[in-house]
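Student: Residue numbers (the numbering used here), protein chains in the order written: chain A, 1 to 405; chain B, 1 to 246.
It is worth saying that the hints were derived from the structure and are not from the lab. Check before you lean on any hint, since a few could be wrong.
Unchecked claim - To spell it out: a stretch of chain B is covered by chain A in this simulated footprint if at least three of its residues, at any positions, have a beta carbon under 8 Å from a beta carbon of chain A; those stretches are:
no.	region
1	45-51
2	171-178
3	182-192
4	195-207
Stated by the list, open to error - Far from chain B, some chain A residues (derived; all Cβ distances over 12 Å):
no.	residue
5	N80
6	I301
7	T366
8	I371
Idealized CB from N, CA, C, for every residue including glycine.
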Amino acid sequence: MVIPGLKSNMINNFKKDCLKRFTSNGFPTRKEENWKFTSSRNLAKFENHVEEIPSIEHLNIDDNTLLFINGILDQGSLNNFKFNDKLNISDLDEITDNSILEFSDNFNEDSIFNLGISDFKKGFYFKFDEKLIIEKPIKIINYYKADQNFSRITSFNIFHVQSGSEISFEENDIYEGMSSFNLKLNKFIIDDNSVLKFGKFNQGVDQNHQLSYNYFTMKKDAILKIDGLNKQSIFNKEFIEVDLNDSGSDVNISILNLGKNNDHLDNNILINHNAESCTSFQHVRNILDNESSAVFNGKVIVLEGAQKTDSNQSNKNLLLSDTSNAYSNPQLEIYADDVSCGHGSTTGALNEDSVFYLRARGIKKTDAIKILIKAFAKEVVDEFSLSSIQDISEIALDSWINEQH
Amino acid sequence: MVKIKNLEASIEDKKILKGIDLDINPGEVHVIMGRNGSGKSTLANVIAGNEAYELDNGSIFMNDEDITEMSIENRALNGIFLCFQYPVAIPGVSMAYFLRAALNAHLNHQGKEEIDALEFLKNSKQILGELGLDDSFLKRSINDGFSGGEKKKSEILQLLSINPKLAVLDETDSGLDVDALRTVAKGVNKFRNNNNAVLIITHYQRLLDYIKPDIVHLMIDGKIVKTGDMSLVEKVEKDGYSWLEE
C-alpha cells in the first residue's frame, strides 16, 4: 500500500531540469539518430490535458492487476491487489535517494523523455520485497481515455525487483475516448540474482500515438526477459535501454510488430554491457503490409572491461506489399577484446519458392501465404518467456493474418 | 494417364522446352536423362505448374482432363507430385503440420473426412520407420537443418503419405550416398503399383540399379530425341550424349 511520507524536492528539481532541457531543445528532428525515420512533428499537436477521471466500471480488474488510469495508479485496484502486502509503494514526490531517479545519458538527452518527466502528474516507486517469487504474471493495465482530442497523457513509474526475487509483468494498454499521445516512462531496477519477465501486448487504435521509454538497470546475475507484440498503431515508438552493470546478467528481448495500412512501429534498443560475462539477445521481427513502416535501431555497446560478453542482435523484416518500408540499423560498438558479438538484418518479401513448395503439395495459395507469414512470426513468438503473452500473440497473429489475406 | 503434347516453355524469355511429347500410362516408370541444361528440370517444374516458367505452347492432359492452365495446387490435388531437386527450408512450420495440412487438402478435394491426429501419427510413424527416420522428424521444421539425405527422404515421406497418381522425381538421386539412395529407391518401389506412374529425371544410372524403368527418354536441347529401353541408359553411361548429335 502507499505509505505517506515527507515531500522531497528531488523530483521537482528533476522535473525543472528536464523542462529546461526540453524548452531549450524542443521536439526532436530527423537529424537525430533515433528519430531519423520517425517524425515527431505530429506529437507537438498533442497539447491538451485530460481533465475528467473516466469511469472504469466496465473494466474487468481482478486482484492480480495494477490499474493505471491515464497514467496514474488507481488506488482502488491497489487496495484490491493480492500482493499489496509484498511491496512498498511511495509517491515519487517523496523519493530521497537520488540514485532511484537516475537515468542513462541517452535518455537524459532525449528531448521527449525530458518532456515526459517535466509533464507527468503523479508517479510511484514500487519496491517489491526481497526473495519474492510470484509465479503468475502481475497484470498491468494502462487505461487511457482522453476527454478531448489531441490530449497528451504522460506517466512515470519506477519498479524495483529486489534480490532473490522472480516477478513477471504482463502489460496491456486499453485506449478509449478521444485522440491522445500516450507518453510512458518507466524505470526497472533489477537487483542481484533476481528475474524480471516483462511482457507487453499492445494493440493501438487508429488516432492514438504511443511513445514509451523503458530503462532497465541490472545488477549481478540478474535475468531480464522482454516479450512484446505491437500491432495497429499509426505511431508506436519504444525505447528500451538496458544497463548490465554487474557480471553474470542476462537479457533477452523478443518483439514482433505487425503493421498494416499506415501503421508505424519503431523499436529502439540499446544494451550497455558495462560488466564482464553478461549475455544479451535481441530479436525483432516486423511483418508489414500496405503502406506500413517499421524502424529497428538496435545497438550494443561493450565497454572495455566487459570481457566474455556474449551478445547477438537480429532484425528480420517481411514485406508483404511493394509500398511497405522497413528501416533497419543494427549497430555494435565493442571496446573489449574477448567477446562474442553478432548481428544481422534481413528484409524481403515472401519466398516464392516456399509458396510453390507448399502449393505443390495441394495447399491453396492463400493458405500457403498464411502458413509462411505465421511461420515467420512464430520464430519470435516461440521465444517469448511468458506463455500468456505467447497465447494472446498467437490469437492476435491469426486474426491479423486472416484480416489481411 | 498423362499426355504431354508439343510442350514449349521458357524462362525470362529464354526458350528451354522446344516441343516435348510424352505419354505415361498407369503402372509405368519412365526415365528422362540428359545433360545439364537440356531442360529436364524445367519439364518437371512445368508439369507441376511452377509459375516461374512461361508456357509458350502445348498441353498437358491428366486422365483425359486438360490441366495445362490448372493452378499448382489443383494439379497436386489431381494427382501430380513433384519430388523437388532442392527442397526449400521453411523454418517455423513443422513437418507434422505441413504433412497433415497437405493430406487434409487432398482428402477435402476427394470429399473425404480429414484425417484425425492419431491416425495421422500412426501412418506417418510407419513410413518414417521404413525410411530409417526417427519419429522426432515430424517435429522438425520443413527441411530446416536437414542433411541432403534427410531432405530427399522427406520428399519420399511426403510421396508415400499423399500417394499421388504421378510422381515426378527431379534428380532425387543427386547428392545421396548409397545407403540413402537405397532407402529412397525402396520408398519409390513401395509407392509403385499398377494404378500410378513414376517419371524419373536423372543424370546417373545408379538409381536405375534399384528402380527398373520401363521406358527411357534422352533429352537434348529441350527435346526428347530418343526413346527406348534400359539399353539406352547403358549406352549413355558408356558413350555419353554426343552420338545423339551426330
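Student: Each hint: holds or not?
Tutor: Going down the list of hints, with the structure as the test:
Restraint check on the region 45-51 of chain B versus chain A: 4 residues with Cβ-Cβ distances below 8 Å, three needed, restraint holds. Only when three residues or more bring their CB closer than 8 Å to a CB of chain A does the claim for the region 171-178 of chain B stand; here the count is 0, and the claim is violated. Requiring three or more residues with a Cβ within less than 8 Å of a Cβ of chain A, the coverage given for the region 182-192 of chain B is violated, as only 0 such residues are present. With a cut-off of 8 Å between beta carbons, the region 195-207 of chain B has 0 residues touching chain A; three or more are needed, and the interface restraint is violated.
Residue-level check passed: N80 of chain A sits 41 Å from the nearest beta carbon of chain B, beyond 12 Å. With a cut of 12 Å on Cβ distances, I301 of chain A stays outside the contact zone with chain B, its closest approach being about 30 Å. Its beta-carbon lying about 10 Å from the closest one in chain B, T366 of chain A breaks the requirement of being farther than 12 Å from that chain. With a least CB separation of 6 Å from chain B, I371 of chain A falls inside the 12 Å interface cut-off, contrary to its annotation.
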